[in-house]
Amino acid sequence: MSKSYRDGLPISPEKFVDQLMRLKRGSIGRREFLGLTGLGLATAVMARELGIMPSPAFAQEGLGDRMSIATWPNYHDPATFENFKAETGVAVEVNVFGSNEEMLAKLQAGASGWSLFVPTNYTISTYKKLGIIEALDMAKLANYDGSQEDPRFTGEGTIDGVTYAVPKNWGTTGFAVNTKKLTKPMTSWKEFWDTAMAEGDGRTMVHDYQLTTIGNALKYFGFSFNSLKPDELAKAEELLLKVKPHLFAVSSDYQPSMRAGDAWMTMCWTNDGAQLHRDIPEIAYVLGKEGGEIWTDFYAIPKDAPNKPAGYALLNYLMNPKVAVKEHLANGAPSTDARVNALLPKEVLDNPILYPAAELLKPLEFGAAATLTDPGRAELMARFKSA
Amino acid sequence: MSAGTGSVFSMRGNVLRHNLLTALLLGPATAWLVVFLVLPFVAITVFSVGERAPEGGYQAAFTLAQYANLPARATAFWNTMVLAPAGALACLLVAYPVAYYLALRAPQRWRLILLALVVIPFWTSLLMRTYAWMYVLGGRGIPALLAYVGIEDVRLINTPGAVLLGIVYGYLPLMILPIYVSLERLDRQLLEASADLGATPISTFLGVTLRLSLPGVMTGFSLVMILLLGEYLIPTLLGGGKVFFIGNALVDLFLQSRNWPFGSAIAITLVAVSVVVLLAANRISTRLSGARRVDLI
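Protein chains in written order, with the numbering used here: chain A, 1 to 387; chain B, 388 to 684.
The shape of chain B in the complex, shown without the other chains (with noise of 0.2 angstroms):
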């Protein structure tokens, strides 16, 4: 800051002007989040003290009788919370070793090329992305390439591995790049001064590196499996809408049994479950990486 601005009068005047600005700045974002974010927030939560009118669709009402009503989608919900932490791990141990050899290993003059190429699938919708694997995994896709080399009636379509791939392959940037930008600014001469302590590489990648890029992993693990707790697009295209999430859930009372009333309990705890995550996320990778505070997003 500048010394010598003049007087205590005109700082003052700084400073407001500085407030009105920054209130200024924010005025935007803060309507944005009121009436697309807070409104509707509050409008799901009077939904779900309601009940379902007789045609379907929410009547007033204050009873907690949907949120008793929870445990009849147990099921999905138990496979919300098996699906999201291990489709996160799958693209985890995907991640890692792209983001370490883009971090350590590339070349310095390919490595934002690379990084782009990480990048470019996501300016195409997902959807697009994933109709294109229901066609790659379909009956003229790899099975028809596979009964050409006489391996007959191989189903892929709509199996677990399919979601998995999906899933894996949907959200695997988002994966990479957290753990990128903490390997990237991984202190070099810390490598090497494990290395000149007699560590294996084994032990100087555990200790050191693996150690120093957890805020990232932890990162990309949060925002993968807090996208994954709302996922239904994929398990539906690719699996066949066999295996049903809470977000298949929720698209079906919104959308075919309009019952608004369960779907906005069923919403509003999602909600919660997402907030206990992120929370839990942000307390381990704090202790892990020791005091460092880390930002989640």
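Just chain A, same shape as in the assembly (with noise of 0.2 angstroms):
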């Protein structure tokens, strides 16, 4: 045959090859990103050019033109991080998590880049034990007044006498229900389970979280949320099983999902409870009568962050209440700091889904850090997620 059968192709196989190499790379780039953010939530890169000239309080301490923080999903005010960049000069790169343990997997592995960012309570004594958070210096955080918060959110950021992490805020897990969809009025998690294998069935949303999705099929049975031993885990692996074909999603960005009403109830953090009951008032949101978890979330600095003084400079300027206040109204997490609280309007605070009535929070319990570190529930969720 002296005819190629590369001859006269509309398309040769190297165009071909480049066509394949452009999806790999974008291949690449989603997976990079879902690496990033969990489930899809967007990575917001707030970092701009530097365009406002330094003040001279800040510019003589050289704090740099830019810094990278790694927090959670709609948790601060844009504008916090804009005005912050006017007063220091310092532009704030915002990364973006959908959990503690992509937080924990991207510091270990080292140059994170980051020179801020939001652990919850029960990862602080793990990032103390692999030395790669910062022992605060107190004297850098003026405006951080341990006496205003209070004390029972604020302990875990605290090891043998060592601050290593100030609260941003404190939150509940508990879940939120369409009352149009779901008209039977429900206040524990017995009836969540239950709801999701009958009136809920196809339309139940659980986390895709251990800590969490465990813990509350834990509570069903009323063991504790962070429970290890085998033959509550086994119960709770059992419960869960059997609810898996019911589900709607596995899934911890549920906000989409709720807004559209494609599902009706969803295990559900604080702030976006509050979020979603601001814009949608049908939907409500429940702690589990049984308790569940109470949680806070915390500031620190990884022991290898690229600008400490300017990660120091932007924790502190957090930590002045008045700019505080509006990162609680904007992500409607509950504060831990009497001066914030002082702060917030009334309605604020007489908002149940952000202050809880006490007899509620009293049965809740603080995740414990062996809780997510546990092989054991790594390998009950993996079990979950694949039958």
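Note that these hints are calculated values from the structure, not bench results.
Think of the CB as a built atom: it goes at the ideal place given N, C-alpha and C, for glycine as much as any other residue.
Fair warning: there could be bad hints in the mix.
Claimed, not checked - Listed next, the stretches of chain B that the computed footprint assigns to chain A, with coverage defined by at least 3 CB atoms under 8 angstroms from CB atoms of chain A:
1) 436–442
2) 542–550
3) 589–600
Bring the two chains, given one by one in their own frames, into a single complex with the hints.
Following this line, the structure appears as structure tokens:
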């Protein structure tokens, strides 16, 4: 045969490979994207070109012109970072994460590039044990006033008398219900799981997060949210496997589905509950009366932070009650700081989603470090997801 | 090659220069592959015989425990082994008629434009396109339109059908292009000869067209299938994370439970499976198309 099949092709094999490589580049992009964000939560990059001269007070400390923060989605007032840039000349790049494990994985791998991040209470001892967070130099945080913090929420930031993290806000893990679709009033995790298999069939979401999904399944039987006992975990697994075929999704990105009406009920964190209820009043936020999770998110600085001075400067800025109050109004999570609560409008303080009644808070448990890192619970979650 | 270039000596000089040039041209690609493929692969191999540190991550060890633990992800492997060929097959069924039309039926002057239309969606990231499907299939998309004409409470998103749709949509061009290429080079006289010898259009298609396009079919099939072996985005976004593929298992092991050694063992196993699939596809397509060699990529 004298004629090669390559002759006269409208698209050459080389061009075809080009196209393939273009797809592959796209695929690296999306993996990186999802890797960073867990479930498709956008990484908002707010760093802009330096436009405003740094104010002299900060300029002499050598803050540089940019820094990076790792935090949660919908968690800050964007104006906060703009104002910080206007005052200091430091542009803030915001990286948004889906879970504490992802943050930990990224910090463990090294060179995360963050100068400030927002870990949840139960991870701080692990970060300290791994030696990857900074013992905070409180002299650089003049705006922080430990005496004004509610001690219930601050304890885990301090280990052996050394402060590694200061609180941002606290919150709870309950569930959100679209009361137009599911009209029966609910008050417990038992009702959550039972409804998921009945009226809420095909319309219920649970977190893609072992800590809360397994923890709240344990509450069905009245066990501890943090249980590591094999027999109790076995019962939780039995429940989860039974519920699995009835679920709408296993995902921590539940706001879009709840807003679109695809999902009627979901495990939910305080701030998401407050935002959903604010925009769609028929979506209620329920705390299971058996208990469940209470949490505090902290600010901490990685040991390998590339711009520690800016990290401290931003942290100190965020600890200013006048700044913090705007943060709380934007993200809807309750504050740990009495000075901030004094500035919050009455309707916020009276909002039962943000500040639930004391008897509902009483049975709640803080997640434990061992709960997050336990390999047995990780494997249970994998069996649940692959079932 | 032009004759009379001179003595043997200068011929050898040419060869040397030629080799040097080849080495120079291959250098960057080789360096790239060593740094970004070979070294990571070595690292993953080392990880895979290690242990998970108590707080997660990796600690040095020499054990085959991670490989022994592979059955713990048997369901994920099984799901993937079903999804990958099924997705590739669905893709093939949609792609073949399109490729056939483009290569044999479309008017010559439209052909390039139509081909471009097949490729253009690739210019947008798959993530964005899959996100768009989330909204098209979600409660405010098609179900809202159906509710408008009286069909209430239809759920499309987070169903196996949505995952299949996403896969076919996402990988279609990869299937169309190789089939198109093999159909395009089909010698039309063979079709006429077949008809002249009394074959019906159907038997001409089965005996000539389909048979001669098999190398393209196998190329497209293997490409799509290999990419699907690592797929995790589409099941997560359009399947609601309820369907667990090996790609999802890997993401969880590295980013959630931080069991890097086990994740590495699974990654190595996945690479091994992909190689086997590639070799098998190559052998099948070589056999089906007679002795002709087929380049998969």
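Now for the hints, and whether the structure bears them out:
Under the rule that three or more residues need a Cβ within less than 8 angstroms of chain A, the assignment of the stretch 436–442 of chain B holds, with 3 such residues. Here the stretch 542–550 of chain B counts 3 residues with a CB under 8 angstroms from a CB of chain A, which clears the bar of 3, and the coverage holds. Coverage of the stretch 589–600 of chain B by chain A is violated [criterion: at least 3 residues with CB-CB distance below 8 angstroms; count 0].
Hint 3 alone, counting from the list given before, is not met by this structure.
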